[in-house]
Amino acid sequence: MDNPRVSVYKPNKRGAGAAVRFDLNVVKEAVFLEAARQIGEQKFDWENKVVIKLNATDIAKLLLVLEGKAKTTDLFHDTTKAPSKDALAQGAERTKNAAVNLSKSDFGYYLKASEQSAAGAVNAVSVPVSEDEGVLLRVLFERALVRMAGW
Numbered sequence: 030m031d032n033p034r035v036s037v038y039k040p041n042k043r044g045a046g047a048a049v050r051f052d053l054n055v056v057k058e059a060v061f062l063e064a065a066r067q068i069g070e071q072k073f074d075w076e077n078k079v080v081i082k083l084n085a086t087d088i089a090k091l092l093l094v095l096e097g098k099a100k101t102t103d104l105f106h107d108t109t110k111a112p113s114k115d116a117l118a119q120g121a122e123r124t125k126n127a128a129v130n131l132s133k134s135d136f137g138y139y140l141k142a143s144e145q146s147a148a149g150a151v152n153a154v155s156v157p158v159s160e161d162e163g164v165l166l167r168v169l170f171e172r173a174l175v176r177m178a179g180w
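First residue of the sequence shown? That's 30 in my numbering, and the numbers climb one at a time after it.
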């Protein structure tokens with residue numbers, strides 16, 4: 030398994046659900062979080078997804094919540110890095126900042142991921158994460174840290 034992935038899909042009948050994917054990329058030494066809002070029955074808006082690169086420190090902070098050592102964690106990335114030239118040519122916007130919040134709830138966890146463009150537009154996606162999905166995330170994050178560090 031080259032790039033392990035954990036996905037959480039939470040569609041609902043009102044069309045207000047969301048989905049989130051976590052992909053380990055060993056080459057880039059990061060886990061990429063991708064989150065999208067529901068746009069139809071069992072359909073998600075992956076074209077307008079939130080994408081956040083999680084480094085080892087970010088992953089460790091998320092693990093504090095998943096292991097019950099903290100009730101919530103907030104990650105904030107202030108970036109001036111532009112998308113690739115190819116992405117800009119296809120209409121991608123520069124991202125001003127990105128944020129992730131993971132909180133323990135009565136029925137598992139609650140995850141919110143957001144990006145703000147340089148123009149000020151905010152794209153935010155929230156998704157509930159069950160206890161069993163939290164276990165999968167914990168295992169992915171623990172193994173990601175091991176592989177990223179080359180241990």
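Be aware that a few hints might be false.
[Stated by the list, open to error] Cβ-Cβ distance ranges computed for the label pairs, FRET-style: (1) Asp103 with Ala147: 29 to 39 Å; (2) Tyr139 with Glu171: 40 to 50 Å; (3) Glu70 with Asp135: 40 to 50 Å.
[To be verified] DSSO-like, lysine-lysine: derived pairs with alpha carbons at most 30 Å apart: (4) Lys42 with Lys125; (5) Lys125 with Lys78; (6) Lys100 with Lys39; (7) Lys39 with Lys141.
These are computed hints drawn from the structure, not numbers from a lab.
Glycine included, each C-beta is placed from N, C-alpha and C at the ideal position.
Query raised in the report: Taking 40 to 50 Å as the hint, is the beta-carbon distance of Glu70 and Asp135 inside that range?
Result: 28 Å Cβ-Cβ, so the 40 to 50 Å window is violated.
Report task. Could you check the hint for me, namely that Tyr139 and Glu171 are 40 to 50 Å apart, CB to CB? Result -> 21 Å, violated
Report task. Sort out whether Lys141 lies within 30 Å of Lys39, counting only the CA atoms. Result -> 13 Å, holds
Query - Restraint status (C-alpha distance of Lys42 to Lys125 at most 30 Å) - result: 33 Å, violated
Requested in this report: Starting from Lys100, check that the Cα of Lys39 is at most 30 Å away, please.
Outcome: 22 Å, holds
Query raised in the report: How does the Cβ-Cβ distance of Asp103 and Ala147 compare with 29 to 39 Å: does it lie in that range?
Result: Violated, at about 22 Å.
Query raised in the report: Are the Cα positions of Lys125 and Lys78 separated by 30 Å at most?
Result: 15 Å, holds
Of the hints listed earlier, those the structure fails to meet are numbers 1, 2, 3, 4, in rising order.
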